[in-house]
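As they're listed, the protein sequences go chains A and B.
According to numbering that gives the first Met the number 0, the residues represented by the first sequence are 0 to 163, in order.
According to numbering that gives the first Met the number 0, the residues represented by the second sequence are 0 to 277, in order.
Rather than coming from a laboratory, the hints here were simulated on the basis of the structure.
Any given hint might turn out to be false.
To be verified - The calculated lysine-lysine pairs, modelled on DSS-like cross-linking and capped at a C-alpha distance of 30 angstroms, are:
1) A:130 to B:220
2) A:134 to B:255
3) B:152 to B:206
4) A:134 to B:206
5) B:22 to B:152
Keep in mind the model is a prediction, meaning the values are calculated, not measured.
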Amino acid sequence: MPEPATVQQIAVDIRVNGKLYSRTIEPRTLLVEFLRETCDLTGTHVGCDTTYCGACTVLMNGLAVKSCTMFAVQAHASEITTVEGLEKDGTLHPIQKAFGDSYGLQCGYCTPGLMLSTHQLLAHNPEPSEKEIRKAISGNTCRCTGYMNIFKAIELASRNLKGV
Amino acid sequence: MLGQLGEGAKVLAGGQSLIPLLKLRFANPEHLIDLNFIPGTSFIMEASGALRFGAMTRHAEIEHSALARTIPVLHDCAAGIADVQVRNRGTIGGSLAEADPSGDWANALITLDTTVHCLGPSGARSISLNDFIKDAYTNALAHDELVTEVEVKVPPKGSGGAYLAFKRTAPVYPSASAAVQLTLDGDDCREVAIALGCVGLTAIRAKEAEAALRGKSLNEKTIETAAEAARAAADPQPDMRGSADYKRQLVVALVKRAIQIAARRARGEQVEGTHLYA
Chain A
0 MPEPATVQQI AVDIRVNGKL YSRTIEPRTL LVEFLRETCD LTGTHVGCDT
50 TYCGACTVLM NGLAVKSCTM FAVQAHASEI TTVEGLEKDG TLHPIQKAFG
100 DSYGLQCGYC TPGLMLSTHQ LLAHNPEPSE KEIRKAISGN TCRCTGYMNI
150 FKAIELASRN LKGV
Chain B
0 MLGQLGEGAK VLAGGQSLIP LLKLRFANPE HLIDLNFIPG TSFIMEASGA
50 LRFGAMTRHA EIEHSALART IPVLHDCAAG IADVQVRNRG TIGGSLAEAD
100 PSGDWANALI TLDTTVHCLG PSGARSISLN DFIKDAYTNA LAHDELVTEV
150 EVKVPPKGSG GAYLAFKRTA PVYPSASAAV QLTLDGDDCR EVAIALGCVG
200 LTAIRAKEAE AALRGKSLNE KTIETAAEAA RAAADPQPDM RGSADYKRQL
250 VVALVKRAIQ IAARRARGEQ VEGTHLYA
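Excised from the complex, chain A in its bound form:
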């Protein structure tokens, strides 16, 4: 395929973790590339780049999406939350604290995605059953933990959030 002589640019306004990013980008830019390279928010990871592993999961208007399977222009006028947006004023979010306290991570690569999938789950279902937890995180692959401590972390986060 010949390269186009000039690459068209599109203006987007995307609010990420409460901050508005008004940028001009190539339309083919993936949301995950926008977050990592334009916003310098490298907490969102690229695992498989094939819509399988969920390491790139972020929230768009509160719903978990795979940011490697969306163009950034599709997030125009949307509200994105990445893992960097979970803590408030230097205090970890209860979900982050629960993952730490329950040893719900080892290498940490899948963890941001898992925490954001957990965020969507608990926002809609504050007391999920084990089956519901399994279903909610079935789009996130972890190659270290065997998932048991992740379940425990999500159960703990559910208990902690109820106390908030």
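Position chain B against the provided structure of chain A, taking the given hints into account.
The following block gives chain B in isolation, referenced to the frame of chain A:
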């Protein structure tokens, strides 16, 4: 726009199939037209004995819709497609138009009376789902036409359905799937539709399997005969999901289970049924 931009243009719905295909360079359109910002294309409503879904209605919206639950096959299908993230983006119209042989919607909906409503520069037309899907990755749309709505007739009273897909893990396509819709009169099966997914270029209506049940009493023996007929109707390709024989065996098990769940639902029972994992 599709007319102006010509053959090199493609529409983008939920993107959960198309964007991976773009990355693999299996598709390389010159122009992509994003449908996501068009208002009024996502809705679920009931009208004159049918449920109507806007083409851009997300799988997750159908999964959580009380209205869609009134036809259990729809909930079975929507709730098990891929994973939460994909269901938040993927759309029913996009899934049907993509006509992926491993997709879920076409197989689930082909057991029901389903019509695909389309719109183009020369006006609107309605195509039955049977005629809409022509072949693997091939639909009946003209280049400048779009799907606007998917209409599913509400099955009659005494009818029950189930959709079961078998997957190795959540994000992958199923290895095989089975959809059953049957109408009971006591223990007699008055009407039945059985469809098999992922085991052919399109969803396969297992006519011989249907004939094994239609007008007969539903019992272990007739269900066994129907499942064996479904095994013969399947035409699977061996791949990383399993050998052809393995997939035929899966078809037998899925059809049996789906018939049993559909029959219980036809009798008014509430039964959970959805995608199964290895």
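Now for the hints, and whether the structure bears them out:
1. A:130 to B:220: 34 angstroms, violated
2. A:134 to B:255: With Cα atoms ~25 angstroms apart, residue 134 (chain A) and residue 255 (chain B) stay inside 30 angstroms; holds.
3. B:152 to B:206: 21 angstroms, holds
4. A:134 to B:206: 34 angstroms, violated
5. B:22 to B:152: 37 angstroms, violated
Hint check: violations occur at hints 1, 4 and 5; the rest are consistent with the structure.
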